[in-house]
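Chain H: place on chain V using the hints.
Residues per chain, in single letters:
Protein chains: 2
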Amino acid sequence: MSTCTARVLLCLSEKGLEYELVPVQMSKGAHKQQPYLSLNPFGQIPAFEDGDVSLFESRAICKYLALKHKDIGTDLLRSSSFAEATIVDLWMEVEAHQFNGPISAFIRQIFLNPMFGRAPDEKVIETETEKLGKILDVYEERLSKSKYLAGDYYTMVDMNHIPYLVYFMKTPYATVVTSRPHVSAWWKNVLSRPATIKVSSGMTL
Amino acid sequence: MSTCTARVLLCLSEKGLEYELVPVQMSKGAHKQQPYLSLNPFGQIPAFEDGDVSLFESRAICKYLALKHKDIGTDLLRSSSFAEATIVDLWMEVEAHQFNGPISAFIRQIFLNPMFGRAPDEKVIETETEKLGKILDVYEERLSKSKYLAGDYYTMVDMNHIPYLVYFMKTPYATVVTSRPHVSAWWKNVLSRPATIKVSSGMTL
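Residue numbers (full-length UniProt numbering), protein chains in the order written: chain V, 1 to 205; chain H, 1 to 205.
Here chain V stands alone, though its shape is the one from the complex (with noise of 0.2 angstroms):
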């Protein structure tokens, strides 16, 4: 189910990197108990572990990955040139700090209230999805210039987005997305990899 640990296993499979995956007991609330903490003291999924470093947050264990295994598999920072990966580090700044607010916020209300026996907030849900096509406004003028959000080439900015889109495309609301031709051709090119079909077919919300 959970977006931040997809986001990981999207990276392990870029890179072709095999791990082991070992659930945590969310439902008797083993991720806010130790030793759980002592891996993410934050008390949230995921938390990772290779040989002696241990990292939480999934964004930082995704560079990491990529960065350690930069000569195999996908080539996701684009590190060897300065100028390009400027721009990768752009663009992820941008899913982190434009992106990411109105989609988890939207995944929420959508899937997470009912889960918890909550009505969803229709109005938090149109405020949201509003934000997120003027979002997407400025990703389809991007992406009428350049195949991918960082350039001609896929790396982790696209890759980071796909958790929460995978499961936003499941909804009614997918529209937002499939209204905007290049952003609905990005997505369709995102979704057809075999990384994204082996991570996505395993996530239930």
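Possibly wrong hints are sitting among the right ones.
Identical copies look the same in the list; a pair holds intra-copy or inter-copy alike.
[Said to hold, decoys possible] Here are the simulated lysine-lysine pairs, DSS-like style, with alpha carbons at most 30 angstroms apart:
1. 188 <-> 170
2. 32 <-> 134
3. 147 <-> 32
4. 15 <-> 70
5. 198 <-> 70
6. 28 <-> 131
7. 145 <-> 134
8. 15 <-> 68
9. 70 <-> 131
10. 147 <-> 28
11. 147 <-> 68
12. 134 <-> 15
13. 131 <-> 145
Because the hints were derived from the structure by calculation, they are not lab data.
Frame of chain V; chain H shown alone:
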């Protein structure tokens, strides 16, 4: 007034770089029109130009400056050590995805609502202050083991926290920081830096 502009000014100052600050007439809506939108398509400040490099998103601008000028001024990203740089990245994500949400919502209520003739929403202030307190509990534990958030050295992690905290500490809710001894000592340390003194003295919200 802008916290995101202050973040970039802090970085420029830590690096000892010269710059020209070009005001944007936001009261006249200049940030939502051309030519500004060609610098930042989201219509937010700041935007940044360095020769033919054009960027926006304050944290991306700071990263660019720190990487381009890594050999002068403060070593903000610790990029010569992969292990240290990984921890800097991790805690930058914590700032972005844990700290920034509640404190920016708080600042909106306390400072921005009155500017737009709206009363601060006491319920939101209470909720966000409580969230912030829980995050600072994790920081308190962290700062009992290292002088700064990413280690015993000042980095972009600490720097990225400064702008919102400068305004937060002017409110009666400053006790959320001062009641936590290690967080309070860290803040005093951060605040005493020449770059922080210089930039914060010009911050007037």
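message: Tell me the hint numbers this structure goes against, listed in increasing order.
response: 9, 10, 12
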